[in-house]
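*Asks:* All chains, please: the whole structure from these sequences, using the hints.
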Amino acid sequence: MSETATTDATLRSGPGRLLVAVYAVFALAATARGTYQLLTRFDEAPLAYGLSVFAGALYFVAAVGLARAGRTSRMVALVCVAVEMAGVLVVGALTVFWSAGFPDDTVWSNFGSGYLFIPLVLPALGLWWILTVHRADRS
Amino acid sequence: MVDWLTMTIQMVSLGVAVWCLISFFRDRPMLVPHLIGMGVLWLLVLGQVGATIAAMVGGERPDDFPMFVSYLATIALLPPACAVWGFMERSKWGPAVISFACFVLPVLLVRIEQLWSPVV
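Just so you know, the sequences run in chain order A and B. Residue 34 in our numbering sits at position 34 of the first sequence, with consecutive numbering throughout. Residue 65 in our numbering sits at position 65 of the second sequence, with consecutive numbering throughout.
Just so you know, the hints here were simulated from the structure itself, not pulled from any lab data. Please read all numbers here as calculations on a predicted model, not as lab measurements. Don't take every hint at face value.
Said to hold, decoys possible - Sample of chain B residues facing chain A (criterion: CB under 7 Å; computed from the structure): (1) PRO62; (2) ASP63; (3) SER70; (4) CYS82; (5) VAL84; (6) TRP85; (7) TRP93; (8) VAL97; (9) PHE100.
No residue lacks a Cβ here, since even glycine has one placed at the ideal position from N, Cα and C.
*Replies:* Right, dumping it as structure tokens:
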């Protein structure tokens, strides 16, 4: 139905619309949680809380990149989503094998098990969607 | 917080979530009934937020006050924000957005209820 839209808008329409919504909610959740914990309990687990804020910022930039949907924004979103994918895998593995370094949980701990593994699935969907649009755009 | 209101919101929210999920699988866009459903849900949420603010003005405060207020603001803003975002999409992905938001809302309510009375 909305296939007649310009290529600039395709990234945010269809499945992209849902992705932006999920990213926005996760940006809010991770940033709010991390900031609050950094402000109130910085000494307990600065690494974990700092990581939450960083993850939240990444989700936010990815959401904006997906929603703006220009060529540059697409690249920005792609980089953010790729870093997220790496982040959730590395932090997930670290929290499983080296739990002493993370006394408190982050969104990425144990591959995002505290958030129904959405943090693990989300970047995969994001990569798939951005690359799909990118390919459609080139041909 | 009003317990029965929390329960009602969770039920209505899950109901709207399933309804929108069905619309999604039937390839329907967001229509006026969906919007009315979201409106009803938002009114219930605002009622709960209002009652909670009244209770807080009356002196009843959770221990983790800043956290509680940020959750309260989030649940108040989530339904309209997602409704607008979903309604802008004139395809089956509109109901998908609303469905996601309506699945998140009950989870947020569980968390905020824990903050309000931690002894549960």
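*Asks:* The structure should be examined with respect to each hint, and the outcome stated for every one.
*Replies:* Checked hints:
1. PRO62: It is violated, given that the least Cβ distance between PRO62/B and chain A is near 14 Å, above 7 Å.
2. ASP63: For ASP63/B, the interface hint is violated, since the closest Cβ of chain A sits about 12 Å away, which is over 7 Å.
3. SER70: 6 Å, holds
4. CYS82: 6 Å, holds
5. VAL84: 11 Å, violated
6. TRP85: 6 Å, holds
7. TRP93: 5 Å, holds
8. VAL97: 5 Å, holds
9. PHE100: With a minimum Cβ separation of about 6 Å from chain A (threshold 7 Å), the hint on PHE100/B holds.
Hint check: violations occur at hints 1, 2, 5; the rest are consistent with the structure.
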